[in-house]
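J.: What follows is the residue order along each chain.
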Amino acid sequence: MMTILSFINYWVVVVLMMIGFYCVIARGNMAKKVMGLNLFQTSVFILFISAGKIVGGSTPILREGVEMYSNPLPHVLILTAIVVGVATTAVGLALAVRINEAYGSIEDDHLGDEDDGDGQ
Amino acid sequence: MIDVVLLLFLVIVAIAIVRARDLFAAAMLFAIYSLLSAALFAVLDAGDVALTEAAVGAGISTILLLAVLALARRYESPIEGHNLLALVVVTVTGAALIYATLDMPEFGAPDNPAQVHVGPYYVEQSYPDMGVPNMVAAVLASYRSIDTLGEAFVILTAGLAVYALLSPKPRRRKRRRRHLRRNLREHRRHRRMHKGSSS
Amino acid sequence: MRENGILRVVARFLIPLIMLFGLYIQFHGEYSPGGGFQAGIVFAAGWILFALIYGLDAALKVIPERAMYVLMVAGVILYCAVGVAGVVLGGHFLDFYPLLAGKHAAQQFGIITVEFGVGVTVATVVMLVFTLFARRKSEWKAAKVEDE
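Chains as they are written, first to last, in the working numbering: chain A, 4 to 123; chain B, 2 to 200; chain C, 68 to 215.
Hints in this document: simulated from the structure, not taken from any laboratory.
Please read these numbers as outputs of a predicted model, since none were measured by experiment.
We treat Cβ as the ideally placed atom computed from N, Cα and C, and that holds for glycine.
Any given hint could be a false lead.
[To be verified] List of simulated lysine-lysine pairs, DSSO-like, C-alpha gap at most 30 angstroms:
1. C:Lys170 x B:Lys170
2. C:Lys204 x C:Lys128
3. B:Lys170 x A:Lys36
4. C:Lys128 x C:Lys208
5. C:Lys208 x B:Lys170
6. A:Lys36 x C:Lys208
7. C:Lys204 x A:Lys36
8. C:Lys128 x B:Lys170
[Said to hold, decoys possible] Okay, the calculated beta carbon distance ranges per label pair:
9. C:Ala125 x B:Gly82: 48 to 56 angstroms
10. C:Leu90 x B:Met194: 46 to 54 angstroms
11. C:Phe94 x B:Leu166: 31 to 39 angstroms
12. C:Leu127 x B:Met2: 44 to 52 angstroms
13. C:Tyr136 x A:Phe10: 44 to 52 angstroms
14. B:Gln126 x A:Val47: 27 to 35 angstroms
15. A:Val47 x B:Gly151: 39 to 47 angstroms
16. B:Met194 x A:Ala105: 25 to 33 angstroms
17. B:Ala165 x C:Pro83: 32 to 40 angstroms
18. C:Gly122 x B:Asp112: 54 to 62 angstroms
19. B:Ile80 x A:Leu65: 31 to 39 angstroms
20. B:Ile16 x C:Gly122: 36 to 44 angstroms
21. B:Met2 x C:Ala141: 44 to 52 angstroms
22. A:Val69 x B:Leu166: 41 to 49 angstroms
Isolated chain A (complex conformation) (with noise of 0.2 angstroms):
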């Protein structure tokens, strides 16, 4: 039993990082593909911060009477990566924004159709 509840962090991390890959590969919508994107992200960011984590110990900002503090470095590491996933996010947006303008459609099957057409 004590296995199986250390594992479930895990466990639930992994069924959102798969949840998110689906939303990525089976939708061809690009905002739903962006929104599944950072789904993933998000999973990796708790597996990260789940691994920093120490039963008993508390945030790591030095005040009185805590002894035990869990490990910092996670937490360096993820600042960064939220960031960046933001920037990526922004950055994927306006490649939307612009496919819509010069196809119409921000749907993957329309894409194609525009070029069979060949507008005069």
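Based on these hints, arrange chains B and C on the given structure of chain A.
T.: Just chains B and C, lined up with the frame of chain A:
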């Protein structure tokens, strides 16, 4: 216990995001997902990360998604059937990853390999070295300062990329969007049918 | 949205508080959770709220777009300048010890300056990205691109 409940809510909201056809509802659910994961970070003792995730996920990402929704169509095209190949790929990858997590050490033990390498050095030495109580800020700005410089460059590059993409003014298009005529009619019929119900 | 009384009153009350809170997170980042990134995003969120309620033109009069272009790069240049100052004064790149006399004082000065540079860059980039997205629709209408 509370982190198990939060993780369960996260799974439910994630499945709802994948299945929502109204992209406005999906954007709002995405903001809820970010807030729940910020709460989970706070429960797992990560104060700085929770603050950043709440500000970035529920603030900036959501408003950029809503801006794209204002420019493109609000409803996703209907999906015909289930994508079996995608389900198979996802299941196989998920099974492989769960098999890999069986090797991970026990959750939260103080003598895990991740906690004994350089973490104790930062915990013990950051106040004597710098006089700054927030260990995360000390590591971020001083011990690992070059990584933060790289991150500032990434933000600047993203700003420049969006500027390069969106600052030229749109030109009048010459193509006729023949394919859209069919979908536009279907979309207008769909909206007229559902005008009575709340949306 | 300017005509809605509730929104206007609440915004007039909230926006200065949001910006003040952003500055508090920036400079108190050494004693509590916070720092450059969080502060920049909270500050930009206050400006975006102003733009949503009073209109994008009024918001661009407060922080003009040319100032955004300059500030975006100025933050990163400030960060690199602190690094180069470390080299000029005798240490290696981004070494804070040679900057001031006392050990703790030098590190704290370095950390505050570096985080301020990062905060300025993040806030400006977020405001610029929002401005570019928000103006696209009116530019599109102006170019008379429409559904056929």
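J.: All hints are to be evaluated individually against the structure, with a verdict given for each.
T.: Hints versus structure:
1. For the suggested pair Lys170 (chain C) and Lys170 (chain B), the alpha carbons sit about 53 angstroms apart, so the restraint of at most 30 angstroms is broken.
2. In summary, the hint linking Lys204 (chain C) to Lys128 (chain C) is supported, as the alpha carbons are separated by about 20 angstroms, within the 30 angstroms threshold.
3. A distance of roughly 26 angstroms separates the Cα atoms of Lys170 (chain B) and Lys36 (chain A); the hinted pair therefore holds under the 30 angstroms criterion.
4. About 23 angstroms separates the Cα atoms of Lys128 (chain C) and Lys208 (chain C), which keeps this hinted pair within 30 angstroms; it holds.
5. Using a Cα cut-off of 30 angstroms, the hinted pair Lys208 (chain C) and Lys170 (chain B) holds, with the two alpha carbons roughly 11 angstroms apart.
6. This hinted pair checks out: Lys36 (chain A) and Lys208 (chain C) have alpha carbons roughly 27 angstroms apart, not beyond 30 angstroms.
7. Restraint check: the Cα-Cα separation between Lys204 (chain C) and Lys36 (chain A) comes to about 22 angstroms, which is no more than 30 angstroms; the hinted pair holds.
8. As the CA atoms of Lys128 (chain C) and Lys170 (chain B) are separated by approximately 21 angstroms, the hinted pair is consistent with the 30 angstroms bound.
9. Checked against the given bound of 48 to 56 angstroms, the beta carbons of Ala125 (chain C) and Gly82 (chain B), roughly 49 angstroms apart, stay inside it.
10. Distance hint check: the CB atoms of Leu90 (chain C) and Met194 (chain B) are about 51 angstroms apart, consistent with the given range 46 to 54 angstroms.
11. The hint said 31 to 39 angstroms for the Cβ distance between Phe94 (chain C) and Leu166 (chain B), and at roughly 34 angstroms that hint holds.
12. Taken as a hint, the range 44 to 52 angstroms holds for the pair Leu127 (chain C) and Met2 (chain B), whose Cβ atoms sit roughly 49 angstroms apart.
13. Evaluation of the 44 to 52 angstroms hint for Tyr136 (chain C) and Phe10 (chain A) yields a pass: the beta carbon distance comes to about 50 angstroms.
14. Distance hint for Gln126 (chain B) and Val47 (chain A): a CB-CB separation of about 29 angstroms, consistent with the stated range 27 to 35 angstroms.
15. Remark: the range hint 39 to 47 angstroms for Val47 (chain A) to Gly151 (chain B) is contradicted by a beta-carbon distance near 19 angstroms.
16. Between Met194 (chain B) and Ala105 (chain A) the beta carbon distance is about 31 angstroms. The supplied range of 25 to 33 angstroms therefore holds.
17. Evaluation of the 32 to 40 angstroms hint for Ala165 (chain B) and Pro83 (chain C) yields a pass: the beta carbon distance comes to about 34 angstroms.
18. Between Gly122 (chain C) and Asp112 (chain B) the beta carbons are some 58 angstroms apart, a value that agrees with the proposed interval 54 to 62 angstroms.
19. The hinted range of 31 to 39 angstroms is not satisfied by Ile80 (chain B) and Leu65 (chain A), whose Cβ atoms lie roughly 52 angstroms apart.
20. Distance hint for Ile16 (chain B) and Gly122 (chain C): a CB-CB separation of about 39 angstroms, consistent with the stated range 36 to 44 angstroms.
21. A C-beta distance of roughly 48 angstroms is found between Met2 (chain B) and Ala141 (chain C), which places it inside the suggested range of 44 to 52 angstroms.
22. The beta-carbon spacing between Val69 (chain A) and Leu166 (chain B), approximately 47 angstroms, falls within the hinted interval of 41 to 49 angstroms.
Checked against the numbered hints above, the structure breaks hints 1, 15, 19 and satisfies the rest.
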